[in-house]
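Participant: Okay, here's what each chain looks like letter by letter:
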Amino acid sequence: MNQDIFKLIHETPLIDHHCHFLINDASKNREMRLADVSTEADSSYPLSDTKERTAWWAFKSESKKFLKTDNIESLSTSQYVKFNHALFKNYNFKLLMIDTGFVPDNAIESEEKTEELTGVKVKKIFRIETCAEKCMLQNENFFDWWENLKQDIIHAKANGFVGFKSIAAYRTGLCIKNPSVAEAESAFYDWKKSGVSRLTDAVLINFILWNIASTIIEQNMPLQFHVGYGDADADLYKANPLLMREFLRAWCYQGLSVVLLHCYPYHKEAGYLANVYPNVYFDTSLVNALAPTSTKEVLNEALHLAPYSRYLFASDASTYPEMYGVAAATFESALASHLKGLDFIPYSQKEKWINEVCYLNSMNLYNLKK
Amino acid sequence: MNQDIFKLIHETPLIDHHCHFLINDASKNREMRLADVSTEADSSYPLSDTKERTAWWAFKSESKKFLKTDNIESLSTSQYVKFNHALFKNYNFKLLMIDTGFVPDNAIESEEKTEELTGVKVKKIFRIETCAEKCMLQNENFFDWWENLKQDIIHAKANGFVGFKSIAAYRTGLCIKNPSVAEAESAFYDWKKSGVSRLTDAVLINFILWNIASTIIEQNMPLQFHVGYGDADADLYKANPLLMREFLRAWCYQGLSVVLLHCYPYHKEAGYLANVYPNVYFDTSLVNALAPTSTKEVLNEALHLAPYSRYLFASDASTYPEMYGVAAATFESALASHLKGLDFIPYSQKEKWINEVCYLNSMNLYNLKK
Amino acid sequence: MNQDIFKLIHETPLIDHHCHFLINDASKNREMRLADVSTEADSSYPLSDTKERTAWWAFKSESKKFLKTDNIESLSTSQYVKFNHALFKNYNFKLLMIDTGFVPDNAIESEEKTEELTGVKVKKIFRIETCAEKCMLQNENFFDWWENLKQDIIHAKANGFVGFKSIAAYRTGLCIKNPSVAEAESAFYDWKKSGVSRLTDAVLINFILWNIASTIIEQNMPLQFHVGYGDADADLYKANPLLMREFLRAWCYQGLSVVLLHCYPYHKEAGYLANVYPNVYFDTSLVNALAPTSTKEVLNEALHLAPYSRYLFASDASTYPEMYGVAAATFESALASHLKGLDFIPYSQKEKWINEVCYLNSMNLYNLKK
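Chains as they are written, first to last, in this note's numbering: chain A, 201 to 570; chain U, 201 to 570; chain G, 201 to 570.
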């Protein structure tokens, strides 16, 4: 029966509710880019250290598993397509929800082309800060900017998006307050004057999040937040989801679905929030792929308190299929190991939970038709 | 010998130094209330999600184990009494220390009736904030209020209490400072004027705790604190016991026994505090019952640094016997697994530690006669 | 092959890049001092509780293993020397880097005498705050003091030191800012006036660290920081390495090698920092010896994200050889268990990682000749 559980998980459809663009394989130096994406470190970090991590070795294993060759450096287009199809099919990926806010070099931004390459359906997630920056460049006046941003949010579903995402954690941290309109207006003009398009002002980011929440509720779409582990640009100290308490209390009881992404090393805290607040969901993506030895522990700890109906599979992968593959492989194995340990849970309930975390929770949360 | 250890633990008396009232079973909807008590979420949280947690399944297993029927919905009074007796006897519960500050609907507040129902002795814990609120309603003047509160504390032992408890973590967080009398006086009159009996003012709560510490030392009774995991009403960010450093430094060296309750996910931090401060004790209650898959990891981590003479069993259970039962079952199993792993510890020492954490530490800390 | 890995680790040279002075065995009460050093608690903490910890039992096992007698209380000088040699040889210790800032009673401060006693080479680490305090006593003027301190740092290598260490975490916490010269000057005169030689002023400590960083880079020597677990004198809340972000961003990209010592319970956070910042190294010393049941979990978690090229063995031991021995034994066993679990890593790579964490990383970081 234990073997059965792994087999059952492996054959269950996977929805990846948080990932990024794949890239064309025209670029040279495939090995270097693969190493590069096996870490959250930036280009000033020595690649020689990156190759001393388990993630890099897991990525290489994944290449070899599906390429059946030791030459992972350069592939023909047909090899690359075959490779992608084989890998995504192996793990039963059925849908990729792509956060459009991060665009790697040589990205395949077209949904159709990504679908062709992978054989997997694609949906898009709307990045709030990116839109706010675009609107700033197009508007001189605070109220015009704000109206423009709100209209884009209102029309997100019509434009093919299935959810929203904020990277407040990267810019100002997760202690989201409720600033006044006057404060926001003043911060907007400071931003305009700065000549920098990147939005980093805490007042404005907080203002946006606090004031679009009701619009997002009306759209019946979830709002994702970067939480915890990410690159050195984020302050991990301020990326603790417990800091979101005021925001969660203000909005989750009113119906806002909040999705906490990544969460490591605050995944126990995220599980706690999903346990006590209505409409809070979370995943433990990114470490699935970038810390393969962590996955069993992290999944177990995430589910100490949280309902299985609130926990979702995601890879947070980008660039190359290996990253999606390692994320899926470690997740499958961690989930199987976790469920095998639950001797007080009937097999039929385990089957239900497998379906929920692999795809059903995402279908419900993102309002996807069956 | 490994089997022996589990058997030995199972046969050792248990003192539950932190739990709450049981209830009469006259109420209908036993299943709904059982699900309700399997979570810290409040009534606005969907019960359907609560039933997707391991705790709910563990509770149901516990019902069936002792009821020997699948009908857990409504029991006759005699069935209920028999059920309670069988469960509490199975785990060798010898004493329940009931925190009187939380009163579930249909609670059995009488110690005698609880003893009749369970077959277990009962002692009471004095809730400080509840008393402060009662005294506020009875006094117009700050100094009268303060004197009234202090008198109640001085007479607590005579009134049958064996310890004190503060829920500062729920109201203002654990960073307990030492405010002046003038600040406290002013805060008291603001509270009186507010018309709200619930005490949430940080100055007053800090003032009370800082200034009753010496009185509590004189009573030779311990002071419990809610720490870490609890319901959404608490700010888990501010419930980190490391924030108590100033208070612990001021009072533990003077002889105040401080007991950190629950602690998850800060149980390693609690173990550290018990390792370096005299008179600091702790437990990892609540997750025993509400996160049954966490118990082995949590107990192991709690005991990384802490002496076995400072760690206590508790359930933090309330309402139905199942909660006490799941807490005891997971604790027994986690403790057995932990001790089995200690190959450098002689069996006789393991026996000593089992006695300590199961009942001896509580007997010493709460000055109970053997 | 699994047995092979443990054997291989056990036979690999160990460099202990962070430890303290051993002591002469002339003192009576060897058992009491051994118990004393098995905890971070100070003398006001009951020794009876210290003896209820796994560390104490691990220390006693270590005594018996190498002394081959139950009498660990008093040893003849020749017994003591033989004992030391046997223990350090068993674990293949090749080099002890002694932090000279902590001097236990009856310490052997001479490197030659320590080498004679242990059979292991010794190098010294320069304690920054100790030097700043010595310079304060020798200088009336801020700029003289500052120049004196800088000169001592510049001449550290010539004086036989191989690295620097700061205990900012013990004095003001790890949120290291960049104060102005004027602020530092004013803080210096306040310190002089205080009559207390102990340096606890946040402005001055931050000023020193921020302004010696470039000098340390020029010396091509690493800067160690106490992080996380230590005695009750430190505020563990402020010893979180994530608070160092501003300092790491300012200096690691410029070439400063920062070494995070101990780290528990923030070892996952330390591993994250080593993963995303160039020139960040860390260890999980102290719990190796003082929390022997934690070592497997802590080592696994430390290496979730970190490169093996950034993680180092250390004991943080002092006083008696048992502490070095328990640290080495638990580390060896934890590393073997960790590597055995990595089924996607070739054996040759595991061999490389063993060499790195046991001695190569330290040789490179501290510029030691092979």
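Bear in mind the hints are in silico, worked out from the structure with no lab data behind them. Just so you know, not all the hints are guaranteed correct.
Because identical chains share one entry, a pair is satisfied inside a single copy or across any pair of copies.
Computed list of lysine to any residue pairs in SDA-like fashion (alpha-carbon distance at most 25 Å, straight line) [unchecked claim]:
no., residue 1, residue 2
1, Lys321, Asn224
2, Lys438, Ala402
3, Lys260, Val303
4, Lys264, Phe342
5, Lys228, Tyr370
Participant: Now, for every hint given, state plainly whether the structure supports it.
Facilitator: Verification of the hints:
no.: 1; hint: Lys321 <-> Asn224; verdict: within (17 Å within a copy, 55 Å between copies)
no.: 2; hint: Lys438 <-> Ala402; verdict: both (12 Å within a copy, 22 Å between copies)
no.: 3; hint: Lys260 <-> Val303; verdict: within (23 Å within a copy, 49 Å between copies)
no.: 4; hint: Lys264 <-> Phe342; verdict: neither (53 Å within a copy, 63 Å between copies)
no.: 5; hint: Lys228 <-> Tyr370; verdict: neither (31 Å within a copy, 50 Å between copies)
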